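2 protein chains.
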Amino acid sequence: MPYVELENSQANGHGQIDYGENVMKGLRKEEGFKKSTTQQLSEIHDHVLKTFRLLIADLCQQFNGGHPGGAIGMAAIGVALWKYVMRYAPHTPDYFNRDRFVLSNAMTLDQLKSYHSDRVDALCPGHPEIEHEGIEVTTGPLGQGVANAVGLAMATKNLQAIYNKPDFDIVSNHTWCMVGDACLQEGVALEAISFAGHLKLNNLTIIYDNNQITCDGSVDLTNTEDVNTKMRACGWDVIDIEDGCFDIDGIVKALKKARKATEKPTFINVKTIIGLGSAVAGDAVAHGAAFGAADIANMKKMYKFDPEQHFVVSRGMREFFEDIPARGQEWVAAWEKKFPLYEEKYPELGAEFRQRVEGRLPDNWRDLVPAQFPDKPTASRASSGLVFNPIAKDIKNFMVGTADLSPSVNMIWKEKVDFQHPDLKTTCGITGNYSGRYVHYGVREHAMCAISNGLAAFAPNTFIPVTSSFFMFYLYAAPAVRMGALQHLQIIHAATHDSIGMGEDGPTHQPIELAALYRAMPNLLYIRPGDSEETAGAWITAIDAKKTSTIISTSRQVLPQLSQTKREGVARGAYVLEEVKDADVTLIGVGAELSFALDVAKDLRQTKSVKARVISFPCQRLFEAQSLEYKRDTLRKHRIPVVVIEPYAPNGWERYANAAICLTRFGHSLPGKAAYKFFGFEVGKMASKVGEYLEKIKTDSILREEFVEL
Amino acid sequence: MPYVELENSQANGHGQIDYGENVMKGLRKEEGFKKSTTQQLSEIHDHVLKTFRLLIADLCQQFNGGHPGGAIGMAAIGVALWKYVMRYAPHTPDYFNRDRFVLSNAMTLDQLKSYHSDRVDALCPGHPEIEHEGIEVTTGPLGQGVANAVGLAMATKNLQAIYNKPDFDIVSNHTWCMVGDACLQEGVALEAISFAGHLKLNNLTIIYDNNQITCDGSVDLTNTEDVNTKMRACGWDVIDIEDGCFDIDGIVKALKKARKATEKPTFINVKTIIGLGSAVAGDAVAHGAAFGAADIANMKKMYKFDPEQHFVVSRGMREFFEDIPARGQEWVAAWEKKFPLYEEKYPELGAEFRQRVEGRLPDNWRDLVPAQFPDKPTASRASSGLVFNPIAKDIKNFMVGTADLSPSVNMIWKEKVDFQHPDLKTTCGITGNYSGRYVHYGVREHAMCAISNGLAAFAPNTFIPVTSSFFMFYLYAAPAVRMGALQHLQIIHAATHDSIGMGEDGPTHQPIELAALYRAMPNLLYIRPGDSEETAGAWITAIDAKKTSTIISTSRQVLPQLSQTKREGVARGAYVLEEVKDADVTLIGVGAELSFALDVAKDLRQTKSVKARVISFPCQRLFEAQSLEYKRDTLRKHRIPVVVIEPYAPNGWERYANAAICLTRFGHSLPGKAAYKFFGFEVGKMASKVGEYLEKIKTDSILREEFVEL
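Top line first, the protein sequences correspond to chains R and F.
Numbering follows full-length UniProt numbering, in which position 356 of the first sequence is assigned residue number 356; successive positions increment by one, without gaps.
Numbering follows full-length UniProt numbering, in which position 627 of the second sequence is assigned residue number 627; successive positions increment by one, without gaps.
Keep in mind the hints are simulated off the structure, nothing from the lab.
Any given hint could turn out to be false.
Straight-line C-alpha distance at most 20 Å; calculated DMTMM-like pairs for lysine to aspartate or glutamate [claimed, not checked]:
1) K696(F) <-> E629(R)
2) K416(F) <-> D220(R)
3) K637(R) <-> E695(R)
4) K631(F) <-> E706(R)
5) K611(R) <-> E579(R)
6) K416(R) <-> D220(F)
7) K637(F) <-> E709(R)
8) K631(F) <-> D700(R)
9) K637(F) <-> D700(R)
10) K637(R) <-> E705(F)
11) K260(F) <-> D394(F)
12) K425(R) <-> D249(F)
13) K698(R) <-> E705(F)
14) K256(F) <-> D237(F)
15) K425(F) <-> D240(R)
16) K631(F) <-> D283(R)
17) K631(R) <-> D394(F)
18) K425(F) <-> D283(R)
19) K425(F) <-> D220(R)
20) K637(R) <-> E706(F)
21) K685(R) <-> E695(R)
22) K637(R) <-> E709(F)
23) K637(F) <-> E706(R)
24) K425(R) <-> D226(F)
25) K337(F) <-> E348(F)
26) K425(R) <-> E308(F)
27) K698(F) <-> E705(R)
28) K631(R) <-> D700(F)
29) K637(F) <-> E705(R)
30) K696(R) <-> E629(F)
31) K631(F) <-> E705(R)
32) K631(R) <-> E705(F)
33) K631(R) <-> E709(F)
34) K637(R) <-> D700(F)
35) K253(F) <-> D240(F)
36) K256(R) <-> D240(R)
37) K416(F) <-> D394(F)
38) K393(F) <-> E348(F)
39) K631(R) <-> E578(R)
40) K637(F) <-> D700(F)
Keep in mind the model is a prediction, meaning the values are calculated, not measured.
Please work from the sequences and hints to get the whole structure.
Pasting the structure below:
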C-alpha cells in the first residue's frame with residue numbers, strides 16, 4: 001500500500017520536496033539502511049510515518065471522503081509488515097509462495113476503493129484488480145476476512161503436507177490478517193477463530209488494529225470482553241503491542257515471532273489511535289470523514305512539513321522502500337530455480353503440483369463419473385456421493401468439508417483422511433493430518449463457506465472447496481456464499497435435505513424461500529437434480545464452472561430413477577423430458593419433485609385425456625444462458641400454458657410458467673411424504689388442479705395471461 | 001416436560017406399575033417431600049431419573065426415531081430445573097412473570113415435535129402450541145436460542161427498570177437457556193454471549209449440556225477451546241457441575257446461585273453423558289436414533305425395571321411432581337393480587353403496564369405520525385427518522401437497536417436513553433441504564449435480530465423490537481429475520497442503503513438479489529417506500545402488522561418528494577401514481593427509484609409520444625393480498641404491457657410486469673448517481689429502452705408474451 005501511494009504521488013505530478021533529506025543524510029540506499037544505528041532508524045521511521053499520515057490525510061481531503069482515521073492509525077503496522085516482514089513481490093504479484101495478506105477491517109479497503117472511484121479516475125485509471133495488488137480476497141462485509149485468512153492458512157498447510165519434502169519446502173508462506181474492532185464482534189469471525197485455534201494453524205497471524213472505535217462510538221459501548229483471554233482460550237498465542245502508532249521495532253519483532261510460531265496461531269493486539277495527530281484523534285468521527293483542510297494544515301505544522309504542500313514524498317522516503325521490489329524478485333527467482341529441481345526429483349508430485357498451480361484438473365476427471373447408476377430409488381444426496389466421492393478421492397484440488405453433518409451429506413470417500421493437526425487425539429478416535437482433505441468444520445456453516453472462499457482464493461482453482469450442509473443452513477452461510485460468487489471463486493456447495501421432502505425437522509429446516517435468493521444471486525448456479533443421472537450432470541457442470549460458484553441441492557428422501565433424464569440436459573438448465581404431439585400443457589418438474597411432473601402428466605392423460613409434455617428444469621441460470629431458439633423450443637410458453645411443480649415460493653418461475661403448484665407459507669413438521677400430502681402435492685390432486693386450470697383459461701382470457709398459484 | 005410425559009403415559013393406557021413404592025415408602029406427598037432425609041431424597045431422585053430415562057427410550061423406540069441420547073443425558077438438569085428452581089405455572093402457561101425457558105439445543109425440541117408427528121397423533125393430538133408449554137420460542141436452527149434468551153432477559157431488565165418500584169417487584173422472572181455443544185459453535189450464539197456479558201444480564205443463565213458429542217463425533221474433532229475461560233473473558237460467571245447425570249442437588253444449588261447472581265450472567269457447565277445407560281452411551285450415534293429394543297430391555301434390567309413393561313411411571317414418581325401445578329397457581333395468585341395494588345398506587349405506570357401486558361399501543365399512536373413532510377429532497381432513511389422517532393420516543397413498547405450504524409440509520413430520537421448496565425462507563429462518554437430503549441448491539445447483525453426475536457417473544461406485542469442496519473447486512477441476519485416471521489413475531493427491521501444508489505461501498509454492500517429472498521419469505525413484508533409520505537405508510541403498515549415482521553427498505557441518498565404519493569397506498573402494496581387515458585404502457589416504480597418511473601413517463605410523452613401510466617409498487621406481498629379486481633385495475637397487465645424499473649434482480653417481478661429495467665449482475669463501486677448511470681438507469685436511456693420495447697412487441701407477438709430484461 002505505501003508503495004502504491006509513492007508511485008501515485010509521483011504520477012499525479014504533485015509537488016515533491018525533500019523534508020527527509022536531513023533525516024536521511026548519510027543513509028542512502030547504497031550505504032545500506034541495515035547499517036543504520038537504532039537512533040538513525042528511529043528517525044527514519046518517524047519521518048516515514050509522518051509522511052504516510054499526511055499522504056492519507058491529503059488523499060481523503062482531495063475528494064472530501066474516505067476513511068482516514070483507521071489508515072493513519074495503522075501506518076506503523078503497515079511499515080512493519082510491508083517493509084520488514086511480508087514476503088511478496090510487487091512486480092510478480094501472483095508469485096505462488098508469497099505471503100498472503102487479508103485486510104479484514106473494511107476501512108482501508110474502502111479507502112483504496114474510493115481512491116479509485118470515478119472522481120479520481122485520472123489518478124489511477126483502469127485495471128481495478130491490479131490496484132489491489134497484495135490484497136488476496138475481497139473481504140467486504142465485516143468478519144469475512146478473518147475466515148478467509150483461516151482458509152488461506154489451511155491451503156498452505158495442506159499443500160505443505162502433500163508436496164513439501166525435507167529437502168524442498170516449495171510452499172512456506174505465511175498468512176497475515178489485519179482486523180479491526182468490528183471484525184472481532186462478528187459471529188463468522190468468532191467461528192473461524194475458534195476453528196483456527198483448534199487446527200493449530202501456526203502459519204496464521206491476526207494483527208488486531210485495536211483503536212477501540214467503531215461507528216457508534218467507543219468499543220466499550222458494546223463490547224467489554226477481555227479479548228486477549230478469549231483468544232488464548234480459543235487456542236491462540238497473544239502478543240501485546242502497547243504503542244502501535246510508533247513502535248515499528250516492537251511490531252516487527254512480534255510479526256517475526258508470529259512467523260516462527262510452532263504451536264498456535266498468533267494474535268497480535270496492537271493498540272493504536274484512530275486519526276492520530278488530527279484534531280479528531282481517538283474519536284469515532286475520525287473513522288469515516290476527511291479531516292478538513294485546517295486540521296491537516298495543523299498536522300503538517302506539527303510534523304514540520306509545509307502546510308501549503310500536498311502529497312509530499314521525500315527522496316529518502318522513496319529510497320527507504322526501494323529495496324522491496326528487488327528483494328521480491330529474488331524470492332521469485334529462488335523459487336523458480338528450486339521448483340524445476342523439485343520436479344526432477346519428485347516427478348509425479350511435481351507434475352501434480354504444477355497442474356494445480358496452473359489451476360487445472362487431471363484431464364481424465366470425467367472418467368471418474370459413473371456412466372450409469374443403479375435403478376433402485378436413491379436419495380439424490382446419496383447420488384451426490386456416488387458421483388463425487390471417487391472424484392474427491394483421486395483429485396487433490398478438492399478440499400471437502402461439512403458443518404457437522406457427515407452422516408447426512410454423503411461426502412466421505414473411502415479411506416478419506418481428515419484435515420487436522422497431526423497431534424490431535426479425539427475422544428471418538430478419529431484423527432487426521434494436514435494432508436487430509438476432509439474437513440470437519442464443526443457447527444459453523446458461515447465460517448465453513450467463508451473459509452472456503454479463502455481456500456479458493458489461495459490461487460485460481462488450485463483448490464476447489466466443497467462445502468456441505470442442509471440446504472436451509474445455507475441461509476446461515478449466505479453472506480459467504482455471496483462473497484464467493486462475487487469474487488468468481490469456484491466453490492461447490494453440496495446442499496442436502498432440500499424442499500419439504502426433508503420432513504420431520506419441520507418449518508425451521510424446510511427451505512421455502514431460500515431458492516429464490518440463490519436463483520437471483522449473480523454468478524451462482526443453483527441446481528436441483530432430479531435423480532442420479534441429473535446429479536452427475538450437476539457435478540459435471542459445477543466442476544466445469546471455473547469462475548462460478550454452484551449449489552447442488554439434493555433430497556434427503558429416496559427418489560425414483562428416471563429413464564428419461566440426461567446429464568447433458570442439466571448443463572442447459574432445462575430440457576425436454578417427455579415430448580407429446582399436440583400437447584395441451586407443458587409441465588415443469590424440478591429436482592426432488594421431478595417425478596411428480598411425470599406422474600401428473602400420466603394421470604392427466606389417463607383420467608382427463610389431457611396431453612402434457614414434461615420438461616426437467618434443474619437450473620434457471622443455466623437455462624437463461626441458452627439461445628432464444630433453444631429456450632422457446634423447450635418451453636413453448638408462447639404456444640401452450642406452462643405449469644411448474646415445486647414446493648417452494650414460486651418467485652422467479654413466473655418467467656417460465658403461467659401457473660405453479662407451489663408453497664407460499666412456511667412448511668410443517670411431518671414426515672416427507674405426509675408433508676407433501678399436507679400441502680397438496682399428491683399426484684391426483686395436482687392433476688386435478690392442472691385440469692381445472694386448463695378448463696378455466698379456455699374461457700377466461702385474462703386469467704390465461706396472469707400468473708396463477710394453483 | 002417430565003410432567004407432560006407422566007400425563008401421556010397414563011392417557012396412553014400403557015401398563016403402570018409401582019417400582020417406586022419401595023423407594024417412596026414413608027415419603028408420600030402428604031408427609032411432605034421436604035422432610036425427607038438426604039438419603040431418602042437421593043433414592044427418590046435415583047428412581048425419578050431412571051424412570052425418565054426409560055420413558056425417553058421407550059418413546060423413541062415406539063416410532064423408531066427421535067433424539068433419545070441428549071434427552072436422557074439432560075434428565076437430571078430437567079428435574080433440578082422444573083421441580084426445584086423454575087417459577088412457572090403449568091395451568092397458567094402465559095403467567096406474565098413466569099421464568100422463561102429456552103431450549104436452544106435442538107435435540108429435545110425435535111423430540112417433542114416428532115413425538116407429535118403424524119405417527120403419534122393419537123398420543124397427543126391437536127393444539128400444537130399448547131404442547132410446547134413452557135418453551136418460549138421456536139429456536140430451530142442452532143445458536144438462535146442463546147440470542148433469544150438474551151432478548152428475553154433484556155425484556156425483563158427493561159420492564160423492571162421502568163415499572164418496578166421499591167415496594168413492588170411486579171417483574172422478577174429469570175431466563176434459563178439450555179444449550180448444547182453445537183450451539184456454542186454458532187456465530188450468532190457467540191455474538192449474543194459477548195453482548196450479554198457486556199450488558200451484565202445477571203437474570204440470565206445458560207445451562208450447558210456438556211456431553212461433548214455432535215453429529216460428526218466427539219466435539220474435540222472440531223472444537224478444543226477452553227469454554228469456561230472463554231465465557232469468563234466474555235463477562236460471565238462460570239459454575240462447573242462434574243456429575244451432571246446424577247447430581248440433582250449440585251445442579252439445584254448452581255441454579256439457585258445463578259438466580260441470585262448480582263453482577264453477571266451465569267454459565268453452568270454441566271458434564272453429562274449422552275445416552276447414559278444405553279449401549280451407545282457417550283457416542284455420537286446416541287444422538288439421533290432409537291436405541292433398539294434389546295438395548296432398552298438391558299437398560300431396564302440394569303435399572304431393576306421390568307423389561308417387558310413400557311412407559312412405566314410409579315405412583316410415587318407422580319406424587320413427587322404433584323406439587324408443581326399448585327405451587328405455580330400460588331405464584332399466579334400472588335401476582336394477580338399484587339398487580340391491582342400496584343395499579344392503585346401507580347395509576348399511570350399501572351395503566352401503561354397493563355396496556356403492554358395486553359399487547360396494545362396507546363390508541364393515539366397514529367397521531368404521532370407527521371401529517372405531511374417538507375418538500376425538499378430527503379433520503380428515505382431520514383424520512384424513517386421523521387416518521388418513527390416521535391413514536392419511539394413516546395411509546396415504550398418499542399425497543400430500538402442498531403448494529404453499529406447509529407450515524408447512518410437515523411433511529412435516534414431526542415433524549416433517547418441507551419439500554420445499558422447503569423454502572424457502565426464508556427470512553428466516548430455515552431452511558432445509559434436498563435430503562436433505556438435504544439440498543440447499541442455492536443457489529444452483530446445476526447445477534448441483533450435473534451435477540452429481537454427474544455424481546456418480541458417475551459409476551460405478545462409487549463415489546464415491538466426495531467432493528468436497523470444497511471439492507472445488505474440483513475443477509476447476515478437472515479436466519480433470525482426468518483425465525484421472527486415464522487413465529488409470527490412483530491419485528492420491524494429498518495434497513496437503509498438499499499439498491500445501488502448506496503454507492504461507493506460497492507458490490508459487497510449493494511443488495512442486488514436480497515430483495516428476492518425477502519419478497520419470497522412467508523409472513524414478511526418487504527416494503528420499499530418512495531419518499532417520506534410512503535415511508536409514513538410503511539411504518540403505519542408495519543406497526544399495524546401485529547403478527548408479521550416487516551423490513552422497511554430505505555435509501556441512503558436523497559429522493560425527491562412526490563406530490564402523487566399516498567401513505568394509504570402503501571398498505572395496498574401498489575397503487576396508481578399517475579393515470580393516463582389510453583395509456584400505451586404501465587410503468588412500475590419502486591422505492592428509491594420511484595421518481596425514475598415518473599421521469600421516464602414524462603420523457604416518453606415528450607420525446608416519443610408514448611403515453612405511460614405509472615404505479616408505485618412498494619410491497620409485493622401486500623399487493624397479493626388485495627382483491628383480484630383491485631389488482632387488475634391497478635396493473636392492467638391484461639390490457640397493456642407493464643415495465644418495472646428497479647436495479648435489483650427481477651426475480652418475482654415477472655408476475656406483474658412484461659419487461660424490466662433491472663440488474664442481474666453484482667454492482668459496482670461508484671457514487672450512487674454514477675452507479676445508476678453505469679448500469680443504464682438514466683432517464684433518457686430508460687425511456688429509449690421502453691420505447692424500443694414497445695415498438696418491437698408490435699410485430700413480435702412471441703416477445704410480447706415473454707418476460708424481457710431491457
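Verification of the supplied hints:
For the suggested pair K696(F) and E629(R), the alpha carbons sit about 17 Å apart, so the restraint of at most 20 Å is met. As the CA atoms of K416(F) and D220(R) are separated by approximately 19 Å, the hinted pair is consistent with the 20 Å bound. For the suggested pair K637(R) and E695(R), the alpha carbons sit about 17 Å apart, so the restraint of at most 20 Å is met. Under the criterion of a C-alpha separation no larger than 20 Å, the hint pairing K631(F) with E706(R) is consistent with the structure, at around 11 Å.
Between the alpha carbons of K611(R) and E579(R) the distance comes to roughly 10 Å, so the proposed pair stays at or under 20 Å and holds. About 19 Å separates the Cα atoms of K416(R) and D220(F), which keeps this hinted pair within 20 Å; it holds. A distance of roughly 17 Å separates the Cα atoms of K637(F) and E709(R); the hinted pair therefore holds under the 20 Å criterion. This hinted pair checks out: K631(F) and D700(R) have alpha carbons roughly 16 Å apart, not beyond 20 Å.
With a C-alpha separation of about 14 Å, the suggested pair K637(F) and D700(R) falls inside the 20 Å cut-off, and the hint holds. Note on K637(R) and E705(F): the hinted pairing holds, with a Cα-Cα distance of about 8 Å set against a maximum of 20 Å. A C-alpha spacing of about 33 Å is found between K260(F) and D394(F), which places the hinted pair above 20 Å, so the restraint is violated. For the proposed pair K425(R) and D249(F), the alpha carbon gap of about 34 Å is over 20 Å, so the pair is violated.
With a C-alpha separation of about 17 Å, the suggested pair K698(R) and E705(F) falls inside the 20 Å cut-off, and the hint holds. Taking the CA atoms of K256(F) and D237(F), the gap is near 13 Å; set against the 20 Å cutoff, the hint holds. Between the alpha carbons of K425(F) and D240(R) the distance comes to roughly 24 Å, so the proposed pair goes past 20 Å and is violated. Of the pairs offered as hints, the one joining K631(F) and D283(R) is violated, with about 52 Å between alpha carbons and a cut-off of 20 Å exceeded.
Restraint check for K631(R) and D394(F): not satisfied, since their Cα atoms lie roughly 57 Å apart, outside the 20 Å limit. For the given pair, K425(F) sits about 16 Å from D283(R) by alpha-carbon distance, which is consistent with the 20 Å threshold. Proposed proximity of K425(F) and D220(R) is supported: the alpha carbons are some 8 Å apart, at most 20 Å. With a CA separation close to 8 Å, the supplied pair K637(R) and E706(F) stays within the 20 Å bound.
About 15 Å separates the Cα atoms of K685(R) and E695(R), which keeps this hinted pair within 20 Å; it holds. As the CA atoms of K637(R) and E709(F) are separated by approximately 17 Å, the hinted pair is consistent with the 20 Å bound. Our distance criterion of 20 Å between C-alpha atoms is met by K637(F) and E706(R), whose separation comes to about 8 Å. Using a Cα cut-off of 20 Å, the hinted pair K425(R) and D226(F) holds, with the two alpha carbons roughly 16 Å apart.
For the hint linking K337(F) to E348(F), the alpha-carbon distance of about 18 Å falls within 20 Å, and the restraint holds. At roughly 41 Å between alpha-carbon atoms, K425(R) and E308(F) are farther apart than 20 Å, so this suggested pair is violated. A threshold of 20 Å between alpha carbons decides the hint, and for K698(F) with E705(R) the separation of about 17 Å falls inside it, so the pair holds. Restraint check: the Cα-Cα separation between K631(R) and D700(F) comes to about 16 Å, which is no more than 20 Å; the hinted pair holds.
This hinted pair checks out: K637(F) and E705(R) have alpha carbons roughly 8 Å apart, not beyond 20 Å. Between K696(R) and E629(F) the alpha-carbon distance is near 17 Å, which keeps this suggested pair within the 20 Å criterion. Between K631(F) and E705(R) the CA atoms are separated by roughly 14 Å; this keeps the pair inside 20 Å, and the hint holds. Annotation: proposed proximity of K631(R) to E705(F) holds, straight-line Cα distance about 14 Å (limit 20 Å).
Annotation: proposed proximity of K631(R) to E709(F) holds, straight-line Cα distance about 15 Å (limit 20 Å). Our distance criterion of 20 Å between C-alpha atoms is met by K637(R) and D700(F), whose separation comes to about 14 Å. For a cut-off of 20 Å, the pair hint linking K253(F) to D240(F) stands: about 11 Å separates their Cα positions. Restraint check for K256(R) and D240(R): the C-alpha separation of about 14 Å stays at or below 20 Å, so the hint holds.
At roughly 10 Å between alpha-carbon atoms, K416(F) and D394(F) fall within 20 Å of each other, so this suggested pair holds. Restraint check: the Cα-Cα separation between K393(F) and E348(F) comes to about 17 Å, which is no more than 20 Å; the hinted pair holds. Restraint check: the Cα-Cα separation between K631(R) and E578(R) comes to about 16 Å, which is no more than 20 Å; the hinted pair holds. Taking the CA atoms of K637(F) and D700(F), the gap is near 17 Å; set against the 20 Å cutoff, the hint holds.
Of the numbered hints given earlier, the model fails hints 11, 12, 15, 16, 17 and 26; all others are met.
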